[in-house]
Amino acid sequence: MSADIQTEVIKEASMLKQKEMIARNYDELTSTAESGRKMVSTFVPGNLNELINCFGMLNNLPEINAINNGMRKKSGAMIMDAERAGHSEDVCTYVKADIGMMSKGNIAPNGKPMPAPDMLLLSYTGCFTFMKWFELLRHEYGCETVMLQVPYTGDGVITDNMRQFVVKQLKEEVIPAMERVSGVKFDIDRLRENLARSAKAEDDLVWVLESAKNVRSPIDAYFGGVYYIGPIFTAFRGTEDAVEYYRLLRGEVEKRIEQGLGPITPEGDMDEERYRLVVEGPPNWTSFREFWKMFYDEGAVVVASTYTKVGGVYDLGFRHDPERPLESLAEYCLGCYTNRNLPSRVELLEKYVNEYQADGLLINSIKSCNSFSAGQLLMMQEIEKRTGKPGAFIETDLVDPRYFSAANVKNRLESYFQMINQKRQSTKVA
Amino acid sequence: MGTESIIARCETLFEDIDFQVVREWKAAQQGRKVVGFMPVYVPEEIIHAAGMLPMGILGGGSDLEVIHGDAFYQSYICRIPRSTVELGITGRLDFLDGMLFPSICDVIRNLSGMWKLMQPKVYARYFDVPQNYQDDVGGVYYQEEMQELRRDLAKLAGHEISDEAILGSIGIYNRHRQLVRDLYALRSAEPWKVPSTEAYLLMRAGMLLPVEEHIEMLKGYLAAVELEDKPRRDNCRVIINGSFCEQPPLNLIKSIEMAGCYVVDDDYMLVNRWLMEEVSTEGDPIRNLADAFLHHSADSAAKYCTKKEEVGQYLLDSVKKNSAEGVIFAAPSFCDPALLERPMLADRMTQHNIPHISFKYAENSGQMQPIREQAGTFADSIKLWS
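Chains U and W, in that order, give the protein sequences.
Here the first sequence is numbered in the working numbering, starting from 388 and rising by one per residue.
Here the second sequence is numbered in the working numbering, starting from 20 and rising by one per residue.
Isolated chain U, as found in the complex (with noise of 0.2 Å):
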């Protein structure tokens, strides 16, 4: 099947604006040792971009390294290296694969040596992995280690309790520790600043997220999708070049929509759109490409996804507020998508059916993670219980090549198309 794979990839001006970004970040990142730039490892979800901006830090995303590694065939080698280092093969591979870098010499992809973080700022936001992944990063590197305890909003809401221990955890140790590390004083009218440029930006993601409620979706929210949310969860939101890139790519779906095309794929504008799909859970990074291909080729346009929110569920209404900053940045923390409890993540999901105009929902099942994957059997019957749509169910991993069967995946895919054509027939006789 790889073979079929058309090698040019066709990108777009955002695509190559973000490339130009992500380049850039990994050249800043390689070369603390000349800029004298402090770097603070972190993760997506929860992560705090704009307030490590304000100390002139550099960001630095072990997931993103470890989806790097992946989707370039190189993870397979690394995780292996991690388990037999004694890492057991049932934890979660983002875990292993970065481990398994830090064996192979921490090379980042633009080949240089990636620098020991002077900062791990563990923002333990709706992963229990993240607590022990950064107790084992901190066994490797000895750095100082900081922890923004996030509390799981259990019963749906975010209450004050929880809203009060993160801003305290943010002035009473986060901030402290930022200031320790780079030698900055914290100054709050630069994290506006910052959050004033997250909010514009999010408010371009989440009209391009939307645009998909058209019927010929101008994107794909899921293969595309991942693309569209690499600047804002990662090390570019609450920066201009954030905003620069939503203002294009929302230029650009503009166009799309005007001129009635499809999503974009890797091998040029999508033919008819067949099958309108929200998939819950992350992709499979090591064989994406065929992954997507999978989708395409069959005409099924992904309109909304849950992974897109998993660094902040922006469609929902939230935006950073500069004239709340810490608590903005609570809330945003409170607020990704797996913080929430499965009633709400139920919800959410049966709105996009719904509001999207779905023919169903699919399930990716992500063995390396409990957090998204635990009660999705229960969510897929929920959802084609409250909405009518059929539910489908693949199982897959993040960046172990060795969990990604392409046949069995085809096939359940092949079987749940015929199922909603199916479904709609059905319908059309009754």
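Heads up, simulated BS3-like pairs for lysine-lysine below, C-alpha to C-alpha not over 27 Å straight-line:
#, chain 1, residue 1, chain 2, residue 2
1, U, Lys642, U, Lys398
2, U, Lys797, U, Lys776
3, W, Lys326, U, Lys572
4, W, Lys212, W, Lys340
5, U, Lys772, W, Lys140
6, W, Lys340, W, Lys326
7, U, Lys461, U, Lys499
8, W, Lys273, W, Lys339
9, W, Lys140, U, Lys738
10, U, Lys797, U, Lys772
11, U, Lys555, W, Lys327
12, U, Lys406, U, Lys491
13, W, Lys326, U, Lys425
14, U, Lys404, U, Lys461
15, U, Lys461, U, Lys491
16, U, Lys425, U, Lys499
17, U, Lys587, U, Lys738
18, U, Lys404, U, Lys460
19, U, Lys587, U, Lys600
20, U, Lys406, U, Lys460
21, W, Lys249, W, Lys212
22, W, Lys326, U, Lys555
23, W, Lys327, U, Lys425
24, U, Lys797, U, Lys398
25, U, Lys491, W, Lys327
26, W, Lys340, W, Lys238
27, U, Lys558, W, Lys326
28, W, Lys339, W, Lys327
29, U, Lys815, U, Lys772
30, W, Lys327, U, Lys558
If you anchor each label on the Cβ, the simulated ranges turn out as follows:
#, chain 1, residue 1, chain 2, residue 2, range
31, U, Glu421, W, Gln166, 49 to 55 Å
32, W, Asp89, U, Leu648, 42 to 48 Å
33, W, Gly385, U, Asn497, 50 to 56 Å
34, U, Arg811, W, Asp89, 30 to 36 Å
Since the hints were made in silico from the structure, they are not lab data.
Cβ coordinates follow ideal geometry from the N, Cα and C atoms, glycine included.
Please arrange chain W on chain U, whose structure you already have, making use of the hints.
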């Protein structure tokens, strides 16, 4: 009453997956309520002060046939949530008035939401605890979390839960914790007198019985065991680590002992020993419970360790205190906390020349021969070469 009859009762309780003893407690008086909780810790004192029975739910064990539960979970998720779902769906927990899901891992956390969807008429709460141990940060947060739980339980009980009632419950649980510590100390001092299976079954009984009754049971056992003579074997002294959530089958616990290991410490049912010192029975009870949690609570992989040099210190301390000769890392398959922490703990043990082995199990593991061989070889190697 001798230890044999006490342990026989514990065994009956352990084997009863319909929880008859809890049903009888509830039926004995109109209006009684039962609140279930999962590992690793909840402040039972608040439930007790509400006049309710806190009941520890540790999965379905090795004898429960899981049919429905497997339909809710992928193959790569541990067994305790699927057997707990099975218990719920088959009506074995239909007497529960509430269910608490403590902060331990993402699977149990998500089960809290599943419970809300599956049992909408039953009170279900994810019970969060602080991973920040500063009084004015994590402490303040935790006190309010407990106050919320207190308000919820008061609503469920239909009456307020007074400070005096909680202080009274703290006093009772202090006595209980002291007896549990006494039992563990006795087993460490004379492990041939307190076989691991007996200590385990006693602790399991505490998950079902009212604390007052369990106190009497522990007193009875501790008094009886002093009067009995059991043969001392040339076993090596080991600590079991990693079994704080999904429980191993009883046969596994037996097998380790039969393989030549005296278990001198473990992390089964940590809720019985979570608060390691007496909790004050004066002043603000919620604050007292928070202080105890922040400053005098047990360590486990479910907690964040604030300093690199402190990772695994609790295990090293236990090795020293209990004169252990080795550590067996026994974790359930797919247990994120235990399996993610294990390499750090193993490194720490290696640095201190403490022999260790590791294996995984599930609550329904059936084949004990490999475990017995592994533990036996480990015990032999300690005896011969350490």
